[in-house]
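*Asks:* Chain by chain, the residues:
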Amino acid sequence: MGFWLELAASGLITGGIYAVVAIGLNLQYGLMRIMNISHGEFLMLGAYLTWLAHTTFGVNPFALMPAVAAALFLLGLVVYRFCFYRIARTAPSVEVIEARSLLVGFGLMFLVQNVVYLAWGADLRGYSYLAEPVEIAGARFMANRLAVFAFAVAASLLLLALLRWTMIGKAVRAMMQSPTGAQLVGIDTGVLHPLVFGGGLALAGVAGGLLSMVYEISPSMGEPYTITALIVITLGGLGSVGGSLIGGFILGLVEAFGMHFTSPSLKMVLSYGVLVAVLLARPRGLFSR
Amino acid sequence: MKLGTRIGTALLGALLGALAAPALAQDKPITIGYAIARTGPWSIGAQVTQEPNYIMWAEQVNAAGGLSVGGKKRKIELIGVDDRSNMETVVRSYEKLMASDKVDLVLPPWGTGANFAVMPLAQKHGYPMLSPTATGRKLVAMKNPYFFALLQQPDRMMDALAEFMVARKVRTAAVIHVDELFGLEQFTALEASMKAKGIQILEVKSYPIGVKDLAPVLKAIQAKNPDALIALSYPPDTFLTTGQTKAIGFNPALFYAAVGTAFPFYRDKMTAATVEGVMGLGTWNPKTSAAAKGYFDRHVARWKKEPDRWASAHAWAGLQILQKAVEKAGLDRKKIRDYIAANEFDTIIGKIRFRGSENVSTPGVVSQWQNGEFEVVWPPNLATSPALHPKPRWN
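Respectively, the protein sequence lines represent chains A and B. Each residue of the first sequence is one higher than the one before, starting from 1 at the first, in the working numbering. Each residue of the second sequence is one higher than the one before, starting from 1 at the first, in the working numbering.
Just so you know, the hints here were simulated from the structure itself, not pulled from any lab data. Glycine residues also receive a C-beta, built at the ideal position from the N, C-alpha and C atoms. Be careful, since some hints might not be right.
To be verified - Pairs of lysine to aspartate or glutamate, EDC-like flavour, derived with a Cα cap of 20 Å:
hint	chain 1	residue 1	chain 2	residue 2
1	B	Lys305	A	Asp123
2	B	Lys219	A	Glu135
3	B	Lys212	A	Glu223
4	B	Lys212	A	Glu132
As the list claims (entries may be wrong) - Computed spacing ranges between beta-carbons, pair by pair:
hint	chain 1	residue 1	chain 2	residue 2	range
5	B	Arg302	A	Thr55	17 to 27 Å
6	B	Ile209	A	Val276	41 to 51 Å
7	B	Arg171	A	Phe261	42 to 52 Å
8	B	Ala167	A	Glu132	29 to 39 Å
9	A	Thr55	B	Ile209	49 to 59 Å
10	B	Gly372	A	Gly107	39 to 49 Å
To be verified - Which residues of chain A face chain B? A few of them, derived with a C-beta cut under 8 Å, are:
hint	residue
11	Phe3
12	Asn114
13	Asp123
14	Gly186
15	Gly190
Just need the whole structure built from these sequences, with the hints factored in.
*Replies:* This is the structure we're talking about:
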């Protein structure tokens, strides 16, 4: 029993982190069709901010999360204004927005990565936080992974609640369902787009901060997460935040059980296998309408 | 001063300059080119182990007046480019350095794969290459006359580990390894060595580079209760394996992880108490010799960070060999190659002699973290401290 619990928990913990990364990307893509390929770079930035503040001032990394989110949110507003505003305004169709934002995203990726290289070099960085084993119902976990998992799920649920029960959440959902309809009833894209873009980066930053509590960090850490996030949002459905949460969990579980019963070397095959299977059965993702 | 006089002076100056040029040309710096990862995944290893040594060496030689060529001291000018951890960029950069820039000498890139890719160029253009971070029988078997591998080959390192296990009566082991040329070569060597010595392998699992969770694999291994857990790993998975083995409360008598254990950052991130008793690929530490201590202190003074206890010293040894060879053979690269191939060299990791591409002098070594230092614990004649065995339980 303890064994199965551990295996499942191991998958859910990984999945929880995947979910936070993916939700941020999904908000941007689902709402504005901005394919921000540099999402992982902002995650990396969040990880460095957390590491820097924690090692310099000794602040608890969890207490830093709101500050990291706020910093990345503000950065998101700036990035949106200078990089994506014109694209969103001038593109004749959503396909053009996708294509152009992809290119801008690539540029941002190099820019952000190299700024971090200049600032802190290529060395691995990190700190030890809650690296103590804890035992729950006969299963053993590293305390930091459990804490990160709890925080990731809480943040995701909070966001889901915001989207469900607040005015701005309603506006975001309306915009996702029908951009033209939403504009007709007076929802201002000029306000909503930068806000949501900033929100997406804030989530990436938080995900990075959480990862820094468990793994070592380096300027090149972000890219693999961008790819995982793309798998998760395709799995869960483009534009469906709840779908990203479930998609993250599914991917984490498949990896954990698959790695145990086959070989860790098949991890990529398993991840993509799930993706292909879901796309065959439901081409628009599990939770799209 | 009138305009005319000024032009006259300028012309005279230019004329004198032109006459003096051949004399100055003799003192022009020795150009030494290399491509290395400053960005991308390889940069983690490259910037710990390799490039800091290149820069420090050039600074040190220049501060002493330069590199001695035919009895005359000439300054070194390093031409280093970022290969962005990209194999094509590595090859293109070296092609440019050798064929079009025609630098006097080259220094190698970081990592087995990149060195493997550049080896044919080194032979084609005749540039000797002393590589501190390339290992594998495959590379040695190429019989490339311009390639010299400083690291101990996998079979030497793995033999040393197996010998240690026999000496301490470790009878069973589980092995996990990264799915890359490095992991496969090390595993092949370890498997052969353990078979020959009668150590039973209870479980073998491979995993892809970039893995984020190994707990499911480690749990399965824990259930088989081997005496030793050996991870033939790269730095990120070394950290992961250490953390998760501790988390699940798996306490094998011997815990070994390959690349990254020798990094000071490993001790700093995981804490000295956690890594106490962890073994890994290492070769030296400041206690190895006075020369090693001197190198360690200079490195800390220059970079404000410690060198790693494995290939940093090989990188420095390679530069020592190159310097000696240039002093003896001048800048004729064929002569430099012949000199390196035919002689024995004193370096900070002891004497080094090459047979073909292989360093046949440096023996296989097992190192272990003890009280914050990566002590050499095997073979006994090189040990800086007796081994801590069985490994203390995770703290």
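*Asks:* A separate judgement is required for each hint: does it hold in the structure or not?
*Replies:* To see whether the hints hold, each was checked on the structure:
Under the criterion of a C-alpha separation no larger than 20 Å, the hint pairing Lys305/B with Asp123/A is consistent with the structure, at around 11 Å. The suggested pairing of Lys219/B with Glu135/A holds, with an alpha-carbon distance near 14 Å, which does not exceed 20 Å. Proposed proximity of Lys212/B and Glu223/A is supported: the alpha carbons are some 14 Å apart, at most 20 Å. Distance hint between Lys212/B and Glu132/A is fulfilled; the C-alpha atoms sit about 18 Å from each other, no more than 20 Å.
Taken as a hint, the range 17 to 27 Å holds for the pair Arg302/B and Thr55/A, whose Cβ atoms sit roughly 23 Å apart. At roughly 22 Å, the beta carbons of Ile209/B and Val276/A sit outside the given window of 41 to 51 Å. At roughly 28 Å, the beta-carbon separation of Arg171/B and Phe261/A lies outside the given 42 to 52 Å, and the hint is violated. Distance hint check for Ala167/B and Glu132/A: the Cβ-Cβ separation is about 34 Å, which falls inside the suggested range of 29 to 39 Å.
For Thr55/A and Ile209/B, the hinted distance range of 49 to 59 Å is not satisfied, since their beta carbons lie about 27 Å from each other. Roughly 44 Å separates the CB atoms of Gly372/B and Gly107/A, a value that falls within the hinted 39 to 49 Å. Of the supplied interface hints, the one on Phe3/A holds, with its beta-carbon coming within about 7 Å of a beta-carbon of chain B, less than 8 Å. The beta carbon of Asn114/A comes within 7 Å of a beta carbon in chain B, closer than 8 Å, and the hint placing it at the interface holds.
At a threshold of 8 Å, the smallest CB-CB gap from Asp123/A to chain B is about 6 Å, leaving the interface hint in force. Hint on Gly186/A is violated. Least Cβ distance to chain B is approximately 45 Å, over the 8 Å limit. Taking 8 Å as the C-beta contact cut-off toward chain B, the hint placing Gly190/A at the interface is violated, the least distance being around 37 Å.
The structure shown violates the earlier hints numbered 6, 7, 9, 14 and 15.
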